[in-house]
Amino acid sequence: QTGCWLFMGAHHPGANLPPVHYSSPKLRQEHMEGAEELGNSFLNIATALRNSWRREAVNLSQTLSELEVQHNRVLVEKGQAEDLLAAYEAMYGPLAHTIEGGPAAPRQLPLEAMGVNGHHGS
-7 QTGCWLFMGA HHPGANLPPV HYSSPKLRQE HMEGAEELGN SFLNIATALR NSWRREAVNL
53 SQTLSELEVQ HNRVLVEKGQ AEDLLAAYEA MYGPLAHTIE GGPAAPRQLP LEAMGVNGHH
113 GS
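Each residue of the sequence shown is one higher than the one before, counting from -7 in our numbering.
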């Protein structure tokens, strides 16, 4: 026995059981209401923390799912752009060359290759 006033509480965010706490015999003997108040306060704090931790986990999970959908969409668009580029290069040759490590001047594609029929207006 230490003869001190002692209160300890513990809880794990992923636990399904309520928090645990300990009040020393001296604390309970000399101020039972205070020991009960400490226990209730710790329970309220642990519950609030656990709920916020779970909310954050749900929010992060939703964000991850949204980002995965967006990532997959970008991969599909990238594949479509690469296919289009390959088709243009098959018809007209490579569209970009490098000369001594620098970019070449952009080539002008025929208007028909870009889907333009040469008419202005509607």
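Calculated from the structure, these hints are not laboratory results. You may find that some hints are simply not true.
With a straight-line cut-off of 20 Å between C-alpha atoms, the simulated EDC-like cross-links for lysine to aspartate or glutamate are [unchecked claim]: (1) LYS70 / GLU58; (2) LYS18 / GLU28; (3) LYS18 / GLU29; (4) LYS70 / GLU60; (5) LYS70 / GLU81.
Label-pair distances were calculated between CB atoms; the ranges are [said to hold, decoys possible]: (6) ALA73 / VAL50: 29 to 39 Å; (7) LEU52 / LEU77: 30 to 40 Å; (8) GLU25 / GLY(-5): 40 to 50 Å; (9) GLY1 / ALA73: 26 to 36 Å; (10) ALA73 / ASN8: 41 to 51 Å; (11) ARG65 / LEU(-2): 37 to 47 Å; (12) ASN51 / PHE(-1): 31 to 41 Å; (13) ASN43 / LEU76: 29 to 39 Å; (14) LYS18 / SER53: 23 to 33 Å; (15) SER44 / GLN72: 49 to 59 Å.
Glycine included, C-beta positions come from ideal geometry on N, C-alpha and C.
Cross-check of the supplied hints:
| no. | hint | verdict |
| --- | --- | --- |
| 1 | LYS70 / GLU58 | holds, 18 Å |
| 2 | LYS18 / GLU28 | holds, 13 Å |
| 3 | LYS18 / GLU29 | holds, 15 Å |
| 4 | LYS70 / GLU60 | holds, 15 Å |
| 5 | LYS70 / GLU81 | holds, 16 Å |
| 6 | ALA73 / VAL50: 29 to 39 Å | holds, 35 Å |
| 7 | LEU52 / LEU77: 30 to 40 Å | holds, 36 Å |
| 8 | GLU25 / GLY(-5): 40 to 50 Å | violated, 20 Å |
| 9 | GLY1 / ALA73: 26 to 36 Å | violated, 57 Å |
| 10 | ALA73 / ASN8: 41 to 51 Å | holds, 49 Å |
| 11 | ARG65 / LEU(-2): 37 to 47 Å | violated, 57 Å |
| 12 | ASN51 / PHE(-1): 31 to 41 Å | holds, 33 Å |
| 13 | ASN43 / LEU76: 29 to 39 Å | violated, 50 Å |
| 14 | LYS18 / SER53: 23 to 33 Å | violated, 46 Å |
| 15 | SER44 / GLN72: 49 to 59 Å | violated, 42 Å |
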